[in-house]
Amino acid sequence: TQLLEQSPQFLSIQEGENLTVYCNSSSVFSSLQWYRQEPGEGPVLLVTVVTGGEVKKLKRLTFQFGDARKDSSLHITAAQPGDTGLYLCAGSYNNNDMRFGAGTRLTVKP
Amino acid sequence: DAGVTQSPTHLIKTRGQHVTLRCSPISGHKSVSWYQQVLGQGPQFIFQYYEKEERGRGNFPDRFSARQFPNYSSELNVNALLLGDSALYLCASSLGVRVETQYFGPGTRLLVL
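So the protein lines, in turn, are chains L and R. Using my numbering, read the first sequence as starting at 1 and increasing by one per residue. Using my numbering, read the second sequence as starting at 1001 and increasing by one per residue.
Worth double-checking, as some hints may not be accurate.
As the list claims (entries may be wrong) - Have a look at the derived ranges for each label pair, beta carbon to beta carbon:
hint	chain 1	residue 1	chain 2	residue 2	range
1	L	Glu41	R	Ser1065	22 to 30 Å
2	L	Gly16	R	Asp1062	25 to 33 Å
3	L	Pro110	R	Gln1041	25 to 33 Å
4	R	Asn1079	L	Gly16	45 to 53 Å
5	L	Leu3	R	Pro1061	29 to 37 Å
6	R	Pro1061	L	Glu41	22 to 30 Å
7	L	Tyr22	R	Thr1101	21 to 29 Å
8	L	Gly40	R	Arg1015	24 to 32 Å
9	R	Lys1052	L	Pro81	27 to 35 Å
10	L	Gln80	R	Leu1039	21 to 29 Å
11	L	Tyr22	R	Val1038	20 to 28 Å
12	L	Lys59	R	Gly1003	19 to 27 Å
13	R	Gly1028	L	Lys109	26 to 34 Å
Source of the hints: derived by calculation from the structure; they are not laboratory data. Here the structure is a predicted model, which means the values were calculated and not measured. All C-beta atoms in this analysis are idealised placements derived from N, C-alpha and C, irrespective of residue type, glycine included.
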């Protein structure tokens, strides 16, 4: 059972478009992480957000943590085919228990 | 520097058998966590080991067990395999007990027939 709801589940866009994916929960997290996973590989950590309302930017990716620390969004500007992958959010309730969402599978067509 | 390594990369077993999966963390990392990722789902937390002690356990049956060795490598054991155990098993390592910054290995893909 996924305690983190990610939307949309699938997203297919053209190169150059912008997109936003969402991660929502009814629980409060001590921190929240975004990962990208490609087929046959393990997830790769993109960012960790800790403070409610925090915004972090990583090149064309912008991550926001909700004020109440229950939700987060990932915005990609001018998507490129190399952005294609499974985007996973994960929340930590304590030091050693991390829960993942089911992911958003993004396809960026050239 | 080598990242997290896992072996084997792929494995095929039959129902009722047992399996042992292995993980070597990044050098200097003392914590290893195990996750199960079923097709179409996100990873599900199974265990965390830190300094050779179990520090966390997810909602998995007792057929699943793990241990961590003095060199911080780890094994995940699954007994009496079921078809539903077919999944990608991921290992992640972190410096300390906190898992906010953890690094995943490529996983072991297990198929149970």
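Right, here's what the structure says about each hint:
Taking the beta carbon of each, glutamate 41 (chain L) and serine 1065 (chain R) are about 26 Å apart, inside 22 to 30 Å as hinted. A hinted range of 25 to 33 Å for the beta carbons of glycine 16 (chain L) and aspartate 1062 (chain R) is inconsistent with their spacing of about 52 Å. For the pair proline 110 (chain L) and glutamine 1041 (chain R), the supplied restraint of 25 to 33 Å holds, since their beta-carbon distance comes to about 29 Å. At about 51 Å, the beta-carbon gap between asparagine 1079 (chain R) and glycine 16 (chain L) stays in the expected band of 45 to 53 Å.
The hinted window of 29 to 37 Å between leucine 3 (chain L) and proline 1061 (chain R) is violated, with their beta carbons roughly 20 Å apart. For proline 1061 (chain R) paired with glutamate 41 (chain L), a C-beta distance near 28 Å keeps the hint of 22 to 30 Å intact. Restraint check, tyrosine 22 (chain L) to threonine 1101 (chain R): a C-beta distance of roughly 23 Å satisfies the suggested window 21 to 29 Å. The beta-carbon spacing between glycine 40 (chain L) and arginine 1015 (chain R), approximately 25 Å, falls within the hinted interval of 24 to 32 Å.
In this structure the supplied range 27 to 35 Å is violated for lysine 1052 (chain R) paired with proline 81 (chain L), their Cβ-Cβ distance being about 44 Å. With their beta carbons about 26 Å apart, glutamine 80 (chain L) and leucine 1039 (chain R) fall inside the hinted range of 21 to 29 Å. For tyrosine 22 (chain L) and valine 1038 (chain R), the hinted distance range of 20 to 28 Å is satisfied, since their beta carbons lie about 22 Å from each other. Roughly 22 Å separates the CB atoms of lysine 59 (chain L) and glycine 1003 (chain R), a value that falls within the hinted 19 to 27 Å.
With their beta carbons about 41 Å apart, glycine 1028 (chain R) and lysine 109 (chain L) fall outside the hinted range of 26 to 34 Å.
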